[in-house]
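Throw the hints in and build the complete structure from the sequences for me.
At position 117 of the sequence shown the residue is numbered 117 (the numbering used here), and the sequence of numbers has no breaks.
The set of hints was computed from the structure by calculation and includes no laboratory data. The reader is advised that the hints may include incorrect statements.
To be verified - Okay, derived cross-link-like pairs now, DSSO-like style, lysine-lysine, Cα gap no bigger than 27 angstroms in a straight line:
#1 K73 with K84
#2 K84 with K3
#3 K76 with K3
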Amino acid sequence: MNKNDLNAFRAVLDAERETLEEELASHGRATPETGDWQGTTGGLEGEEPDPNDAADQMEELATNVPLVEELEKRHKEITHALQKMENGSYGACEVCGEAISTERLRANPAAQTCIAHAR
1 MNKNDLNAFR AVLDAERETL EEELASHGRA TPETGDWQGT TGGLEGEEPD
51 PNDAADQMEE LATNVPLVEE LEKRHKEITH ALQKMENGSY GACEVCGEAI
101 STERLRANPA AQTCIAHAR
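As structure tokens, this is what we get:
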């Protein structure tokens with residue numbers, strides 16, 4: 001992979017990571033002990049909710065938890081891809097070691113495997 005392609009993929013990954021971090025912050029909060037994210041109701045944490053608002057907050061939490069899990073999963077994939085760029089292994093299939101096609105990386109710059117080993 002040439003340097004221009006690598007820089008282009010890095011820019012795409014950096015931009016997506018920034019967007020994901022904004023979305024994660026609006027639907028959850030980071031857990032300092034683990035570095036993971038938890039879905040929240042978006043309301044004031046620790047306060048007793050008004051009984052009329054409790055159902056709305058529970059519904060929001062039920063929506064935010066799976067959303068945060070998906071956002072966090074993608075965030076980890078992107079962080080992993082950026083780490084691979086730093087250590088020089090970006091673009092290599094994690095199963096067979098062969099190069100991941102540029103077309104696949106254009107479709108998903110965080111791809112960890114070649115097409116043959118895609119889940």
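(Q) Given the hinted pair K84 and K3, is their Cα-Cα distance within 27 angstroms? (A) With Cα atoms ~14 angstroms apart, K84 and K3 stay inside 27 angstroms; holds.
Q) Given the hinted pair K73 and K84, is their alpha-carbon gap at most 27 angstroms? A) holds, 17 angstroms
**Q.** Hinted pair K76 and K3, Cα distance within 27 angstroms
**A.** holds, 24 angstroms
Comparing the model with each earlier hint shows no violations; every hint is respected.
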